[in-house]
Amino acid sequence: MTYYEKEIMRISNSCFSNDRQIETVICTRTYIDNNFNKELNLNFLSYIGFASKFHLLRIFKKYYGLTPKQYLISKRIIESKKLLKSGMTVTESCYHVGFETPSSFSTLFKSRTGLTPSRYQKEQLSQSEL
Amino acid sequence: MKVRVLSIPVQNQDNALTFYTEILGFIKKLDIPLTEDNRWLTVVSKEQPDGPEVLLEPAPKDFEPAKTYQKALFRAGIPYAQFDVESVQDEYERLTKLNVDFTVKPTDIGTARIAVFNDTCGNLIQIAQLI
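Chains as they are written, first to last, in my numbering: chain B, 1 to 130; chain V, 1 to 131.
The shape of chain V in the complex, shown without the other chains (with noise of 0.2 Å):
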C-alpha cells in the first residue's frame, strides 16, 4: 500500500483552487470531472510534484455531516491538515502580506514550531517546522 492522496474538504472547489495555488503555492495534479459541479481535484506540492496529492473534496457542499465537522473543527480552532514548511516565520510573513488571516501566529511548542491559518475554504490548516 502507498499514501497517494489526502484530502481536505472544501466548500467550493473553484475558491479552494484559486487558495492552494496562488496563496500557497501548490500545482494543479488532476482536473476530471465527475457530476456536473464535482470533479477529482487534486494539487501537490511544487517541491514534491511527486509527492502525495491533496484532494480538494467537495464533501460538506453536499453530505451534511462532513459539513458539521468541518464547521465543529473550525470552530475549536483545530486544523484540519498539516504542511511542513522550512519557515513558519518567513511563511507567516509570507501569507500575512497576502492577506491570509492567521489564528495561531508562529509559536514554539518543544522541539516544533507552528502556526495555525485560515484556508478561506472551511478550514485551518497548520502549518509546521521542527526545530
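If we strip away everything but chain B, and leave its shape as in the complex, we get (with noise of 0.2 Å):
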C-alpha cells in the first residue's frame, strides 16, 4: 500500500467516520440536485433529511464546505450557464432555474462569475458563432 493509500485510510478514518451524518448530507445534496428549480429552504431540506434544521446547516457546511442554500445558488448558477449558453433568455432562464427574480438573479450570478447574465450570454453566444 502506497503512501497516500494510507493516508486516505487515516483521513476517511478520522474525519469521514460518521456513517450517518455523510449519509444525511448526500442525500440532502442528491435533493439539492434534482429539484433545484423548485421551492427549497433549510425547513423542508431538515424535514426531508430526518435532522434538525442548525444540525443540517452544520453537517452539510462541514462536508460540503458551504451552506445548503450556498450550495442551491451555485447549482442554479451552474444550470442557468447552460441555458444562456443554449440561448435561453436571461428572465426565462432565471425562473427556469428557480431563482424568483431577475434582480436577485443577476447580482449571485454577477458575483460568481463577475460576468451579469445577459454580459455572460452574448460571450457565450459570439465564441460560439466563430
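Be a bit skeptical, because a hint or two may be false.
Stated by the list, open to error - Below, computed lysine-lysine pairings styled on DSS-like, alpha-carbon distance capped at 25 Å: (1) LYS110/B / LYS85/B; (2) LYS29/V / LYS46/V; (3) LYS82/B / LYS46/V; (4) LYS2/V / LYS6/B; (5) LYS46/V / LYS81/B; (6) LYS2/V / LYS122/B; (7) LYS28/V / LYS2/V; (8) LYS29/V / LYS82/B; (9) LYS2/V / LYS71/V; (10) LYS122/B / LYS46/V; (11) LYS61/V / LYS75/B; (12) LYS2/V / LYS110/B; (13) LYS122/B / LYS97/V; (14) LYS28/V / LYS82/B; (15) LYS85/B / LYS29/V.
No lab work stands behind these hints, which were simulated from the structure alone.
Computed from a prediction, not measured in an experiment: that's the story for all the values here.
Combine both chains into one complex, guided by the hints.
This is the structure in C-alpha cells:
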C-alpha cells in the first residue's frame, strides 16, 4: 500500500467515520441536485433529511464547505449557464432554475461569475459563432 | 488576477499530448515552438474549452530537481493533479478499457469519490466527483 493510500485511509477514519452524518448530507445534496428549480428552504431540507435545521446546516457545511443555501445557489448558477449558452433569455433562465426575481438572479450571477447573465450570454454566443 | 494556466510536468511532450488528447479526451489549445525540442504545449477540457489550460511542461527532462520531485510523488502514490468528472466509476471503466493503469480504484472518502491513474508521463492523476 502506498503512502497516499495509507493517508486516504487515515483521513477517512479520522474525518469521515460518521456514516449517519455522511448519509444525511449526501441525501440532502442529491435532493437539491434533483429539485434545484423548486422552492427549497432549510426547514424543508431538514424535514426530508430527518435532522434539525441547525444540525443539518452545520454538518452540510462541514462536509461540503458550503451551507445548503450556498450550494443551492451555486447549483442554480451552473444550470443557468447551460440555459444561457443554449440561447434562452435571461428572464426565462432565471425562473427556469428557481430564482424568484431577475434582479436577485443577476446580482448572484455576477457575484459568482464576474459577469452579468446578459454579458455572459453575449460572450458565449459570440464564441460559438467563431 | 485570473487562473489561466496550470502545469503538469511531463517527461516527453509528444507522448503526453497523445495521452492527454487521445486517452483522456482533452483538446490541444496552444502548441508554440520554444527551443529545439521544447514547446509551449497546452490542452483544455472538451467541456470547458475556454477554461483553464493544462501546460504539459517538459521540466523533468531538463531540470533535475523537477525530475526528483516528480519521482518522489509517484513513488508515494501521490497524485500531481486532480480533474473533476461526472462519474468516477464510468471514467474508471472507460479508461481501464483503454489500458490505463489505476493505482487507486474508485473509492469513497466522505462525500467524494476518487480514483488515481498513471498518466504514463511520470505522474499520477486523481479523478474526483462529489457524491
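Now the hints, each set against the structure:
no.	hint	result
1	LYS110/B / LYS85/B	16 Å, holds
2	LYS29/V / LYS46/V	10 Å, holds
3	LYS82/B / LYS46/V	15 Å, holds
4	LYS2/V / LYS6/B	35 Å, violated
5	LYS46/V / LYS81/B	16 Å, holds
6	LYS2/V / LYS122/B	20 Å, holds
7	LYS28/V / LYS2/V	21 Å, holds
8	LYS29/V / LYS82/B	22 Å, holds
9	LYS2/V / LYS71/V	30 Å, violated
10	LYS122/B / LYS46/V	21 Å, holds
11	LYS61/V / LYS75/B	42 Å, violated
12	LYS2/V / LYS110/B	16 Å, holds
13	LYS122/B / LYS97/V	40 Å, violated
14	LYS28/V / LYS82/B	23 Å, holds
15	LYS85/B / LYS29/V	21 Å, holds
Of the hints listed earlier, those the structure fails to meet are numbers 4, 9, 11 and 13, in rising order.
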